[in-house]
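Let chain P serve as the given structure and place chain A on it in line with the hints.
Same order as they appear, the protein sequences are chains P and A.
Here this note's numbering = 1-based position in the first sequence + 1.
Here this note's numbering = 1-based position in the second sequence + 1.
Take these hints with a grain of salt, some might be off.
Each pair may be met inside one copy or between any two copies, as identical chains are not told apart.
Dumping the calculated DSSO-like pairs for lysine-lysine here, alpha-carbon to alpha-carbon at most 30 Å [said to hold, decoys possible]:
1) K328 - K366
2) K308 - K65
3) K22 - K353
4) K54 - K293
5) K256 - K92
6) K366 - K22
7) K66 - K353
8) K66 - K352
9) K229 - K13
10) K13 - K255
11) K293 - K65
12) K58 - K293
13) K311 - K65
14) K328 - K65
15) K66 - K328
16) K308 - K352
17) K66 - K54
18) K66 - K22
19) K22 - K86
20) K54 - K65
21) K144 - K269
22) K318 - K353
23) K256 - K13
Hints in this document: simulated from the structure, not taken from any laboratory.
It should be emphasised that the depicted structure is a prediction, and the values quoted were computed from it without experimental measurement.
Protein chains: 2
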Amino acid sequence: MRLNENLNRLSKSYLFTEIAKRVEEYRISNPDSVLINLGVGDYTLPLCDTVIKEMHKAVDDQSKKETFRGYGPEEGYLFLRNSVKNYYKTKGIDLEADEIFISDGANSDIGNVLELFSSDNPVLVPDPVYPAYVDANIIQGRKISYLDATIENEFLPDPPGEKIPSQIIYICSPNNPTGATYDQKQLQNFVDYALETDSVIMFDAAYEAFVSEEYLPSSIFQIPGAKKCAIEICSFSKIAGFTGVRCGYTVIPKKMTYEGFNINMLYKRRLAARFNGVSYISQVGAGAVFTKSGMTQVSENLDYFRKNAKVLSEALKKKGIFFTGAKNSPYVWFRCPYEMKSWEFFDFFLKKFGIVGTPGVGFGKNGENFFRLSSFGGTEETQLAAQRILQL
Amino acid sequence: MRLNENLNRLSKSYLFTEIAKRVEEYRISNPDSVLINLGVGDYTLPLCDTVIKEMHKAVDDQSKKETFRGYGPEEGYLFLRNSVKNYYKTKGIDLEADEIFISDGANSDIGNVLELFSSDNPVLVPDPVYPAYVDANIIQGRKISYLDATIENEFLPDPPGEKIPSQIIYICSPNNPTGATYDQKQLQNFVDYALETDSVIMFDAAYEAFVSEEYLPSSIFQIPGAKKCAIEICSFSKIAGFTGVRCGYTVIPKKMTYEGFNINMLYKRRLAARFNGVSYISQVGAGAVFTKSGMTQVSENLDYFRKNAKVLSEALKKKGIFFTGAKNSPYVWFRCPYEMKSWEFFDFFLKKFGIVGTPGVGFGKNGENFFRLSSFGGTEETQLAAQRILQL
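Chain P extracted, bound-state conformation (with noise of 0.2 Å):
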């Protein structure tokens, strides 16, 4: 029997494991010390009050004959699939509900969404970034190049110089983990060089509720062009919590077409042939997210964030530290004092305040010297981190 070998060139998840050992050996030397966790990406508010009547209805619905619901379709409820078309109408951008199939999370898609296209593309990835695209593509067998993001183009690098044909590129604004965001112009590069190369847009959006500056675009398809040559990952996690539920959505638009194929028609038939559908319980909680109360609700949430992000970057502004993000993502992202590398800040940070980052240099060389806080954490610790941060 011979093995996917590509399955061997997956790096393990070094990043998370690393850390929860330095902090495991933190806690056993330091038993009596309280630990500010700012390390993590997962949402800690409960579900919003909408949702949650929501879901237990659903729940009630599967218990009786009458509204009892088997095997849903494979791209979504039409009801979800409408709340996700009336969300991108507040965003200026029309689309049609079959353009818009729904998934179990943003990190099934992402993979998913590449079996549309052939091993033989090339890949273009920013460095650093989120690890899950290139952990899909190297599964796949795709050879990947990587754009770097540095603190010369503010972790927003432009498409290459060189016009490489057929690539797959992937495009995440805001960024994780550098919380910088694309303007307009920025994007419109890329929509262009896409047309132009005849390559492919991945846009994760997973993001895009923290998007608050209103000259920013928080979909790729506010820029003109982009419906010929990008699909967008986007999902429930971020905007309303949704890492235990898990429902997301993908966005292909029927104007997609390559060696004369409807994009979108022919990722409809492999989902046919692959999947059978989210679960109705969180389509449902996920369609409470976009009415009005639920909208209400899940503001008040990423207000609650934001204001934590606020309070990080204020105290890095004091200090004179470099950093991207915080503004329009729960992410701050900034250069470790003292010209110190991720680890050794990492560590220097723990044993000297209890506080657990994440290291820049687990997404990517170019995070060396850099480090990501989270602003998923409570306002009292997050005050308390931003406390240490102006003792530096």
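Below, chain A alone, put in the same frame as chain P:
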């Protein structure tokens, strides 16, 4: 941009679309007729009380900060993996919890698990069979050959005479669509064949809960040697009606090695890179299935469907029509009377009696002249259908 050309080789899911079309035409020309639908493989009873109660609790967990669950382990919560482990113990099978991977359903994992193996390995699939095996392999570009399941072998073909190396061999027992169920000796032949040829068995146990004759195996791991060469894919859909809740599990024994690699470890690595786990609420519901009250309640539902299957099979017996299934399966698979072709009988049965079934040829060429009825309908409907069969 080069596409994955394999997607174009997927046959459009003609079967159920064509059924829907013909049923619609019938409805229009017979507006007053009451349709009896025994064409579906979808569960129709509501979820049992214990599952509903626990899912409400899980929703409540998500409403409070102290009990909120964000990202869970990608391989599934330990509480559920332990429940599955204990369920296998009742079948006399010892598993470790980390040999069990919680999935969002059998259909998804049929394709996911395939990523372990190179696209060069040939695939062996029975004909007729559930179409998902073929589709998932076509997308990944594998060459497929077929094992003929026919009336001569009572739809339970043996391994091929020729020893072909490194095959991915599918077995579905109890079978969809034929309901035929392998015995110990027949499965031992497959295990021996797989061990001899360095092949892997993909054992689809989705209908295991319907096995009611005690001497028949309901898991491939009841066969000596299987832990070295078999992966078992299962689901809560047919045991407990989770077709809309979405939860399943896949067993990959730690004893399986190919090319010197531990397959269980490799799959763990794939999951970490590609998946964020199944909905917490679905997992809690699934855990409730395996409690004492859960098992009592789902058994009552299974008995309800079994009774339906018996009603259908007894009518066929009385008419002297050859059939398989019914005893250990929700499906009854019979030879079309009057030597009719599958679609011919579909039209006849629909127009004469208002009953919808599934034409056997939709599951493969050897399904021609056969027809599938499902026991997932209501008791009255099923009795009416049985009366009609007696009128044939």
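Evaluation of the provided hints:
1. Taking the closest pair of Cα atoms, K328 and K366 come within 30 Å of each other only inside a single copy of the chain (25 Å); across copies the shortest separation is 61 Å, beyond that limit.
2. For the identical chains of this complex, K308 and K65 are inter-copy neighbours only, at 21 Å across copies versus 44 Å inside a copy, given an alpha-carbon limit of 30 Å.
3. Taking the closest pair of Cα atoms, K22 and K353 come within 30 Å of each other only inside a single copy of the chain (17 Å); across copies the shortest separation is 70 Å, beyond that limit.
4. Within a single copy, K54 and K293 get their C-alpha atoms as close as 14 Å, and across copies as close as 29 Å, so both meet the 30 Å cut-off.
5. For the homomeric pair K256 and K92, the shortest alpha-carbon distance inside one copy (19 Å) is at most 30 Å, but the shortest distance between copies (53 Å) is not.
6. For a Cα distance limit of 30 Å, the shortest separation of K366 from K22 inside one copy, 22 Å, qualifies, whereas the shortest one across copies, 57 Å, does not.
7. Proximity of K66 to K353 under the C-alpha cut-off of 30 Å is restricted to the inter-copy arrangement: shortest distance 29 Å between copies versus 60 Å within a copy.
8. Proximity of K66 and K352 under a CA criterion of 30 Å is satisfied inter-copy only: 28 Å between copies versus 58 Å inside one chain copy.
9. Taking the shortest alpha-carbon separations for K229 and K13, only the inter-copy value of 25 Å comes in at or below 30 Å, while the best intra-copy value is 36 Å.
10. For a Cα distance limit of 30 Å, the shortest separation of K13 from K255 across copies, 19 Å, qualifies, whereas the shortest one inside one copy, 37 Å, does not.
11. Both within a single protomer and between protomers do K293 and K65 lie at most 30 Å apart by alpha-carbon distance, with minima of 28 Å and 22 Å respectively.
12. Taking CA atoms no more than 30 Å apart as the test, K58 paired with K293 passes in both settings, with 18 Å inside one copy and 26 Å between copies.
13. In this assembly of identical chains, the alpha carbons of K311 and K65 lie at most 30 Å apart only when taken from different copies (25 Å versus 48 Å within one copy).
14. In this assembly of identical chains, the alpha carbons of K328 and K65 lie at most 30 Å apart only when taken from different copies (28 Å versus 47 Å within one copy).
15. Proximity of K66 to K328 under the C-alpha cut-off of 30 Å is restricted to the inter-copy arrangement: shortest distance 25 Å between copies versus 49 Å within a copy.
16. Taking CA atoms no more than 30 Å apart as the test, K308 paired with K352 passes inside one copy only; the shortest distance there is 26 Å, against 67 Å between copies.
17. Taking identical chains as interchangeable, the C-alpha atoms of K66 and K54 lie at most 30 Å apart whether they share a chain (21 Å) or sit on different chains (16 Å).
18. In the homo-oligomer, the alpha carbons of K66 and K22 lie at most 30 Å apart only across protomers (26 Å), although the nearest pairing inside one protomer, at 50 Å, exceeds that limit.
19. Taking the shortest Cα distances, K22 and K86 sit within 30 Å of each other only across copies (29 Å), while inside one copy they are farther apart (44 Å).
20. Taking identical chains as interchangeable, the C-alpha atoms of K54 and K65 lie at most 30 Å apart whether they share a chain (18 Å) or sit on different chains (13 Å).
21. Taking CA atoms no more than 30 Å apart as the test, K144 paired with K269 passes in both settings, with 26 Å inside one copy and 23 Å between copies.
22. For a Cα distance limit of 30 Å, the shortest separation of K318 from K353 inside one copy, 21 Å, qualifies, whereas the shortest one across copies, 80 Å, does not.
23. For the homomeric pair K256 and K13, the shortest alpha-carbon distance between copies (21 Å) is at most 30 Å, but the shortest distance inside one copy (38 Å) is not.
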